Amino acid sequence: DAGVIQSPRHEVTEMGQEVTLRCKPISGHDYLFWYRQTMMRGLELLIYFNNNVPIDDSGMPEDRFSAKMPNASFSTLKIQPSEPRDSAVYFCASSLAGMVETQYFGPGTRLLVL
Amino acid sequence: GESVGLHLPTLSVQEGDNSIINCAYSNSASDYFIWYKQESGKGPQFIIDIRSNMDKRQGQRVTVLLNKTVKHLSLQIAATQPGDSAVYFCAENQRKDEKLTFGTGTRLTIIP
Numbered sequence: 008d009a010g011v012i013q014s015p016r017h018e019v020t021e022m023g024q025e026v027t028l029r030c031k032p033i034s035g036h037d038y039l040f041w042y043r044q045t046m047m048r049g050l051e052l053l054i055y056f057n058n059n060v061p062i063d064d065s066g067m068p069e070d071r072f073s074a075k076m077p078n079a080s081f082s083t084l085k086i087q088p089s090e091p092r093d094s095a096v097y098f099c100a101s102s103l104a105g106m107v108e109t110q111y112f113g114p115g116t117r118l119l120v121l
Numbered sequence: 085g086e087s088v089g090l091h092l093p094t095l096s097v098q099e100g101d102n103s104i105i106n107c108a109y110s111n112s113a114s115d116y117f118i119w120y121k122q123e124s125g126k127g128p129q130f131i132i133d134i135r136s137n138m139d140k141r142q143g144q145r146v147t148v149l150l151n152k153t154v155k156h157l158s159l160q161i162a163a164t165q166p167g168d169s170a171v172y173f174c175a176e177n178q179r180k181d182e183k184l185t186f187g188t189g190t191r192l193t194i195i196p
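In order, the protein sequences belong to chains A and B.
When you read off a place in the first sequence, starting at 1, and then add 7, the result is the number in my numbering.
When you read off a place in the second sequence, starting at 1, and then add 84, the result is the number in my numbering.
Wrong hints could be hidden among the right ones.
[Said to hold, decoys possible] Only pairs whose alpha carbons sit at most 30 Å apart, straight line, appear in this in silico DSSO-like list of lysine-lysine:
no.	chain 1	residue 1	chain 2	residue 2
1	A	Lys-85	B	Lys-126
2	A	Lys-75	B	Lys-140
3	B	Lys-183	A	Lys-75
4	B	Lys-183	A	Lys-85
5	B	Lys-180	B	Lys-140
6	B	Lys-140	A	Lys-85
[Unchecked claim] Residues of chain B placed beyond 10 Å of chain A at every Cβ, according to the derived structure:
no.	residue
7	Val-97
8	Gln-160
9	Gln-165
10	Gly-167
11	Arg-191
12	Pro-196
Everything labelled a hint here was simulated from the structure, so no lab data went into it.
Bear in mind that the values here come from a model prediction, so they are computed numbers and not experimental data.
For glycine and all other residues, C-beta sits at the position ideal for the given N, C-alpha and C.
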């Protein structure tokens, strides 16, 4: 298995632009998680899905952030409009139901908003 | 104003020595714990886990100890190697859901 796939790996954009991050979870995994990692706040859970349905989005910082999971093999995290303080590494992870220990992380997308 | 980042604890260990990384968790209701390793430019990777009904678990070169009384978790790495250099995170979970809450991490540097 290729593991969790994220794209792009690096993104540089200007303030005000829309940013879309993509994730392909491990095939067969029921849960998908989006995390953000910064020096200020460490590794934070933003939102997670079960069987493509958002379960908990309490970590999403603002209405500028939105996430979708149209099918079992694809999810997006969108920031519109982006701001410099959104600069971070965004990780996607997936796991099997009831098996938190199977939560595997992707390589991350390093986002820089100028 | 000046931005203040997380103070990431650091630990430097001579190659071949043992290392101990500590973690204080916050939620007394947490009943499952995982240690993750994050190498530069990569996502966190699972190392070892432990359930709250245990106080010790051993893996290959790694041991996790759990003290529920003081809400403390430790990761022991035996005979450290250069490849052990990374940031190590503890994460806690309540089995009622799938969420993990991560600690701030410790940077381990192995000195050749």
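Practice problem: Just pull the numbers of the violated hints for me, sorted ascending. | Solution: Violated: hints 2, 6.
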